[in-house]
Structure formats: C-alpha cells, structure tokens
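Listed in order, the protein sequences are those of chains A and B. If you count by our numbering, then the first sequence holds residues 26 to 545, one letter each, in order. If you count by our numbering, then the second sequence holds residues 313 to 428, one letter each, in order.
Fair warning: there could be bad hints in the mix.
[Unchecked claim] To list a few chain B residues with every Cβ distance to chain A over 10 Å, as calculated:
#1 Ala319
#2 Val367
#3 Thr383
#4 Ala424
[Unchecked claim] DEER-style ranges, computed between Cβ atoms:
#5 A:Asp312 <-> B:Arg347: 43 to 53 Å
#6 B:Gly356 <-> A:Arg525: 36 to 46 Å
#7 A:Ile179 <-> B:Ala359: 53 to 63 Å
[What the hints assert, rightly or not] Which chain A residues face chain B? A few, computed with CB under 8 Å, are given here:
#8 Arg196
#9 Pro197
#10 Leu215
#11 Thr318
#12 Pro353
#13 His356
#14 Gly358
#15 Met362
#16 Gly367
#17 Leu368
#18 Val369
Read the hints as simulated data drawn from the structure, not as lab findings. Virtual Cβ for every residue (Gly too), placed ideally from N, Cα, C.
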Amino acid sequence: MNPGLRHSMDYLHTWAGVLFSVLLFLVFFMGTLSVFDREIDRWMMPDTRVAQPQTVSFDNIALPHLRQLAPDSKLWSVQYPFTREPVMRVSWTDGDEFKTRFVDVNTGRLLPEAGSKGGTGFFFPFHYSFHLKWKDVGYWLLAIVSIAMMALLISGVIIHKKIFADFFTFRPGKSTQRATLDVHNVSSVLLLPFHFIITLSGLIIFVFIYMKPGIALMYGAEAGKLSQEAFSQVSRAPAKESGELASVDAMVTQAKAMWGGGGVRRVAIRNPQDKHATVDVQRRPHDRMAYETHTVTFDGANGAVLHRQDGSATMTVQRFFTGLHMIPFDHWGLRWMYFAMGLVSCVMIATGMLLWVEKRRVRQEKEGRVSYRMVNAIAVAGTLGILVATLVMLIANKLLPDGMPGRASLEQWIFFAAWLGTLFHPLTRAWQARHCRDIRIAWREQAWASAVLALLAVALNAMVTGDHVLRTLPQGALAVAGTDLVLLLTAVLAAVTARRLSKRPLAGSHGTASLVKAAA
Amino acid sequence: MSPLLIAAGSTLAAWAGMAVLCFQSPSQRHRLGLREQTRRQQQGFIATGSALLAVSLASAIAVDGVSFGVTLWLCQAGILGLALVFWLPYSMPGVVRSARCAAAVAPLLLAAGNWW
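From just these sequences and the hints, can you work out the full model?
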C-alpha cells in the first residue's frame with residue numbers, strides 16, 4: 026500500500042479520534058444503556074413494576090383516563106403493554122408539549138407521575154440527540170460524529186499493516202501501551218461489522234432530518250407531505266364538529282385480523298373529539314428485523330378502514346436498517362449481544378484515547394509539555410466520568426423525595442453536575458501531577474468511585490423499594506434483578522480495574538520519588 | 313426440531329471454528345511456543361475452521377431465519393472471538409480443551425436438535 030496514504034490515514038485516525046472520542050463514547054455508552062431502556066425504566070420508576078396483563082382494552086382502560094386528562098388534546102397516543110413494559114403508556118399533546126402517564130392495565134389505575142425520565146426519557150434521547158433540541162443541533166452533531174466514526178473505522182483498517190496476522194493478538198504481559206493497542210485492535214477488528222453497521226444504520230434512521238434542506242427545496246412549505254408519502258400515512262383535516270369515537274377495541278381486532286396475527290404497538294387518535302377523528306393502529310414488529318409497524322387507519326366515528334400502510338421499497342430499506350439498529354424484536358439473545366458489543370465499542374474508544382495519551386506521555390514529560398495531561402483529564406471525564414455521572418443519577422433517583430415538583434428534571438441536572446465534577450476532578454489531579462507524574466490517579470479514583478456508587482445504587486434500590494436481587498429473581502422481576510446484577514458486575518469490574526491501576530508500574534516513568542527530587 | 317439444541321450447537325461450532333483459525337496464525341503459534349506448521353497443515357486448519365464457522369452460520373439461519381440468523385451469527389462470532397483472544401494468554405490448555413470439546417459436542421447437539 027502507498028505509504029503516503031497510510032501516513033495520511035494515520036494522521037486522520039489520530040486526530041479525528043482525539044477530537045471525537047468523547048462524543049463517540051457518549052453515543053455508544055448511552056446506546057448501550059438504551060438496549061435495556063425499558064428495564065432501566067422499571068428500575069427507576071418503581072410504580073411501574075406491575076404484573077404482565079393478560080388482556081388489554083383501549084375502551085375500558087385508556088379512554089376514560091384520556092377523556093379526563095386531555096379532553097381538548099389534538100392527539101392521543103397509547104402504547105400497549107408488552108413483555109418488556111407491563112404498563113400502558115398513555116400520552117397526549119398539550120400545546121407543543123407531549124405528556125405521558127402510565128396506567129396499570131390489571132387494575133385500570135392511573136399510576137402517579139413517574140418523577141423520572143428513566144431510560145426511555147433520558148438515556149435513549151441522549152444517545153441520538155444529546156438533549157440538544159434547538160434547531161435539531163443534536164441530530165446534526167450526531168451526524169458529524171457518525172461520519173467521523175466511519176472515517177475512523179476505514180482509516181483504522183488502512184493503517185493496520187498486519188490486520189490478519191494480528192487478528193487474534195493480545196499480549197497482556199507486554200508494556201501497558203502494547204497491551205492497550207492490542208485491546209484496541211482486537212475489539213475493533215473482531216466487531217468491525219457491528220461498528221460499521223450500527224454507525225451506518227444510525228445515519229440512515231435520521232435520513233429525514235439530514236435531508237431537510239433537500240426536502241425544503243422539493244416540498245417548500247408542505248414539508249410534512251414527505252413523511253406522509255414515505256410512510257404512506259393518511260391525514261384528514263378536522264370537520265370542526267364534535268363526534269363520538271366508535272369502539273377502538275373493535276378496530277384493533279379488525280387490524281389484527283388484517284395483519285394475520287401479531288400484537289399492537291401503539292394506537293394514535295388524531296382529533297379525538299372531532300367528527301373526522303382518525304385512529305391509527307400500529308403493529309408491533311416483534312417477529313421481524315425491519316421496524317415495520319404496518320399501520321391501519323380507521324375512521325374514528327364509524328370504524329371504517331380508511332387506509333392500510335404499504336411502505337415503498339426505499340422505506341423498506343430504511344425500516345430494515347432502523348430495526349437492525351433499534352432491536353424492536355423479541356430476541357433476548359441478540360439483545361444481550363448488542364449490549365455486550367456496545368460495551369466492547371466503549372472499550373475500543375476508551376483505549377484509543379488512552380493510546381493517544383500514553384504515546385505522548387514520555388516524550389512530552391521530557392519536553393516539559395502538558396497537553397497530554399489535558400487530554401488525559403478529558404479522557405477520564407469522557408469515559409469513567411460518564412459512568413460515574415450515570416451512577417450518581419441512579420442514586421439521586423432513589424434519594425429524591427417522591428412527588429417533588431420538577432423531580433425528573435432535577436435528576437437530569439444532577440447527572441450533568443456530576444459529569445462536570447468528573448471533569449473538574451482529573452483537571453485538579455493534572456495540576457497536582459506536576460509534582461507526581463502518575464497520570465493514573467484520576468482514573469484510579471474514578472474507578473473506585475464507580476465501584477462504590479454502583480454498590481450504593483443497588484443497596485438504595487433494595488432499601489427504598491424493598492426489591493433486592495434475592496426477592497426479584499425468584500419473583501421473575503427480571504428487569505429489576507437484571508439491572509441490579511449489571512450494577513453489581515460494574516462494581517466488581519470497576520474495583521478490579523482500580524486495583525490493577527494501582528499495581529502496574531507506569532512504563533517509561535522515572536518514579537515519583539526521583540521526580541520530586543529532580544523538581545526540588 | 314429443537315431450536316435450543318441447534319442454537320447451542322451453532323455456538324459451540326463457532327467457538328471451535330474461531331479456536332482452530334486462531335491456532336493457524338503463525339505469529340500466534342510463535343507467541344504460544346507451538347511448533348511451526350507446514351503450509352499444508354495451515355491450509356487444513358483454515359479449511360476446518362472455515363467449515364466449522366459455516367456449519368455454525370447454517371445452523372443459526374436454520375433456527376432464526378436469514379435476517380436474525382446472520383445477525384446473531386455475526387454478533388456471536390465476534391463476541392466468542394473476543395472471549396477466546398482474551399482467555400488465550402491466561403490459559404492456552406483451557407482454550408485447547410474447550411475447543412476440542414466444542415468440536416466434538418457441536419455435531420451431536422446439531423444432530424439431536426434436528427432429530428428431536
């Protein structure tokens with residue numbers, strides 16, 4: 026291969042990596058958590074830990090609550106319970122806001138305000154929008170990060186001279202830098218299909234956002250028409266006369282018959298109090314890879330079928346990639362694989378950052394430069410710091426009083442404050458490191474903090490809700506038990522990492538004592 | 313047909329296949345202190361490893377269909393490969409024994425799964 030090309034790719038890989046790795050880690054970490062977002066919801070919203078309902082009725086359960094909660098709303102949306110979420114999610118628009126409450130279908134009881142955004146409301150949107158809603162900045166930032174990831178993957182393959190020879194290479198006994206490089210290479214190469222597909226599909230999911238300028242050019246002011254055409258949706262203007270809804274349960278039964286089986290994902294009612302109300306019944310894609318919801322639209326007033334959705338060939342491709350990315354199907358084996366691979370991706374990104382620091386440490390120490398310490402501090406906050414902030418948020422979720430106004434937002438702000446703290450901490454350590462050159466102090470301390478916080482989160486969950494592993498496991502409450510077990514595993518791994526960081530000598534370091542002496 | 317037995321057979325075949333491919337690598341053999349292979353032996357290892365992985369893929373497709381099967385197999389092969397690579401430096405005999413065992417048990421599970 027042309028050495029000039031390899032050199033250029035090496036340059037691109039190094040600097041794109043340094044610039045984007047924190048954001049990439051954030052996206053992959055939040056994405057990994059989102060694989061089990063509903064389970065995290067159960068952990069963070071104890072009121073929703075109810076039994077799986079046998080039958081679901083829209084007319085008897087959802088409708089009375091929606092009539093009471095949102096009589097004037099233009100859109101009602103009801104997500105039906107399923108294996109991973111035993112409660113009914115009842116939502117409606119209130120002006121520009123979209124509000125949601127949970128209903129226990131077994132009793133028909135409206136559950137109290139959750140007081141938490143949970144996995145679906147905090148971690149999942151963080152994964153794809155960074156919670157930056159203004160002018161879709163978050164989505165565009167994600168696009169840039171995704172393109173950077175593609176460039177990193179391709180340049181990584183090009184610069185790896187012995188990609189096949191090193192396919193199975195891991196040398197933990199060699200120097201820290203060598204072992205880190207091996208972990209970085211092995212985790213990248215063996216999961217290359219996953220890294221590539223997950224990044225590409227992430228871009229494809231938001232194609233309508235990224236093509237907005239083109240859409241505006243084609244459709245002008247009627248940009249909404251595109252999604253109607255693409256998703257083959259029906260829209261009907263309100264008659265502005267009041268009307269009564271026919272039985273939605275009957276429409277659901279009819280839709281199921283049309284699909285030839287399968288459950289309901291969501292029922293959405295537009296202009297519910299109007300004579301021209303429409304009812305969209307979506308199928309849950311539990312049995313296929315593609316995120317195809319096969320919506321049937323009914324006339325709300327008389328239950329007549331207005332439209333049956335058939336996606337275009339282009340949209341079928343888009344829905345396939347969406348499904349591949351978002352795992353809407355029931356396949357626990359694949360779900361756990363995605364979780365494990367997401368964690369490996371995080372390790373790949375973190376080791377990339379460590380390599381940058383480690384490669385420059387000895388040289389910069391000799392030259393008296395400090396930029397590697399800044400990058401090291403950012404790397405600590407951008408990797409372990411995110412874990413620490415997440416655990417602090419989980420602890421806050423158990424300590425903040427129920428029913429407190431703005432509780433959900435406060436949880437979110439606690440996350441960001443903790444994250445800021447995890448940046449401040451390694452920066453102080455970097456300042457102190459002028460005298461003690463062991464740059465691993467901040468890593469070690471945050472690893473210990475993660476271990477303690479993870480244990481504390483499990484203990485608090487047991488104390489506050491009474492649901493501990495010994496109780497939830499026999500009861501089959503696997504969402505709560507699984508989250509607790511993953512937290513316990515996190516604590517063990519964090520403690521092992523912290524101990525290893527304490528034991529292993531720093532390669533090329535002159536030793537603290539001699540440095541202090543030299544400084545004096 | 314028992315999907316569970318076939319899925320287990322697929323996993324074991326993938327583990328054995330990854331191990332065989334790992335042990336054909338000259339640099340890996342050198343690191344592990346194993347004797348050098350002749351070209352013919354190396355080709356035999358590559359063919360065996362590939363055949364085991366092909367059997368694993370075919371079984372995954374048989375259980376889960378094409379889309380799920382291929383996706384699951386890719387994920388499974390990647391994760392098992394990682395587990396193998398990270399285990400190998402700490403216990404080569406353990407990896408060898410587990411791979412031999414997997415290669416012996418996988419066909420039995422696949423046969424039992426088809427017959428059941």
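A quick look at each hint next to the structure:
With a least beta-carbon separation of about 8 Å from chain A, Ala319 (chain B) fails to lie farther than 10 Å from that chain, contradicting its non-interface assignment. The claim that Val367 (chain B) lies off the interface holds: its Cβ sits roughly 18 Å from the closest Cβ of chain A, which is beyond the 10 Å cut-off. With a least CB separation of 7 Å from chain A, Thr383 (chain B) falls inside the 10 Å interface cut-off, contrary to its annotation. For Ala424 (chain B), the shortest C-beta to C-beta distance to chain A comes to about 20 Å, beyond the 10 Å cut-off, and the non-interface label holds.
Distance hint check: the CB atoms of Asp312 (chain A) and Arg347 (chain B) are about 51 Å apart, consistent with the given range 43 to 53 Å. Restraint check, Gly356 (chain B) to Arg525 (chain A): a C-beta distance of roughly 39 Å satisfies the suggested window 36 to 46 Å. For Ile179 (chain A) and Ala359 (chain B), the Cβ-Cβ distance of about 30 Å falls outside the hinted range of 53 to 63 Å, so the restraint is violated. Interface hint status for Arg196 (chain A): upheld, as the beta-carbon distance to the closest one in chain B is roughly 7 Å, under 8 Å.
The beta carbon of Pro197 (chain A) comes within 5 Å of a beta carbon in chain B, closer than 8 Å, and the hint placing it at the interface holds. The criterion of a C-beta within 8 Å of any C-beta in chain B is met by Leu215 (chain A), whose closest approach is roughly 4 Å, and the hint holds. A least Cβ separation of about 17 Å between Thr318 (chain A) and chain B goes past the 8 Å threshold, and the interface hint is therefore violated. Because the closest C-beta pair between Pro353 (chain A) and chain B is about 12 Å apart, greater than 8 Å, the hint is violated.
The interface hint given for His356 (chain A) holds, since its Cβ lies 6 Å from the closest Cβ of chain B, which is under the 8 Å cut-off. For Gly358 (chain A), the suggested interface contact is upheld, since its CB lies about 6 Å from the closest CB of chain B, less than 8 Å. Because the beta carbon of Met362 (chain A) sits about 4 Å from the nearest beta carbon in chain B, less than 8 Å, this interface hint is met. Evaluation of the Gly367 (chain A) hint against chain B yields a violated restraint, the C-beta minimum of about 11 Å exceeding 8 Å.
The restraint placing Leu368 (chain A) at the interface with chain B is violated, with a minimum CB-CB distance near 10 Å, outside the 8 Å limit. About 6 Å separates the beta-carbon of Val369 (chain A) from the nearest beta-carbon of chain B, less than 8 Å, and the hint is met.
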